[in-house]
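The numbers in this note's numbering rise by one with no breaks, and the one at position 30 of the sequence shown is 30.
These aren't lab readings, by the way, just hints derived from the structure by calculation.
All values derive from a computational prediction rather than experimental measurement.
Treat the hints with caution; some may be incorrect.
[To be verified] So the derived label-pair ranges between C-beta atoms look like this:
{"#": "1", "residue 1": "L119", "residue 2": "G80", "range": "40 to 48 Å"}
{"#": "2", "residue 1": "W129", "residue 2": "G56", "range": "22 to 30 Å"}
{"#": "3", "residue 1": "R46", "residue 2": "S136", "range": "40 to 48 Å"}
{"#": "4", "residue 1": "N112", "residue 2": "G80", "range": "46 to 54 Å"}
{"#": "5", "residue 1": "S136", "residue 2": "A55", "range": "46 to 54 Å"}
{"#": "6", "residue 1": "R47", "residue 2": "A6", "range": "16 to 24 Å"}
{"#": "7", "residue 1": "L2", "residue 2": "E44", "range": "34 to 42 Å"}
{"#": "8", "residue 1": "G56", "residue 2": "L84", "range": "24 to 32 Å"}
{"#": "9", "residue 1": "L119", "residue 2": "F17", "range": "21 to 29 Å"}
Glycine included, every Cβ here is placed at the ideal spot set by N, Cα and C.
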Amino acid sequence: MLVQWAVVAAYVLAMFFFTRQDVSGAGHTAQLLARLLPHLSGAELRRLVFLLRKAGHVLAYALLTFLVYRAASRTKKLQGRPVLVSMLFSLLVAAGDESFQSRLQHRSGMFNDVLIDGLGISAAAAMLWLRVRLQSKHHKEVVEDNVENECI
1 MLVQWAVVAA
11 YVLAMFFFTR
21 QDVSGAGHTA
31 QLLARLLPHL
41 SGAELRRLVF
51 LLRKAGHVLA
61 YALLTFLVYR
71 AASRTKKLQG
81 RPVLVSMLFS
91 LLVAAGDESF
101 QSRLQHRSGM
111 FNDVLIDGLG
121 ISAAAAMLWL
131 RVRLQSKHHK
141 EVVEDNVENE
151 CI
């Protein structure tokens, strides 16, 4: 159980560490893409930077949600609601990250990014919830089959 929470802590620390780096800013992303894709217009480049950065938000917070779920589902006091715990924890980290970014010169913390992070969190939570439901249904069917076989 402690190992899973250590992984969560390391991931969150890595997110905040990356946020502090100059390379995490949109300007750096734009410069890199302009070198890689010199044929793009300024407007196309801005759209691509926006899409890639927002996709990064979605993926980063989906992964965080999965990591927290894994840790919460192995923690006795949290086993009853690991999906809810993972969503709430991830949203708190998202809000904290945007607050932190608002204090950095090369970043701008925006509430809209918390909403975008929420898309990744929600997608991951929906997949986890569905997985739990399907496993529960499968387990119930196996138990019912075993009961029927014992009666025969």
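If any of the earlier hints don't hold here, list their numbers in rising order. Numbers 1, 4, 5, 6, 7, in rising order.
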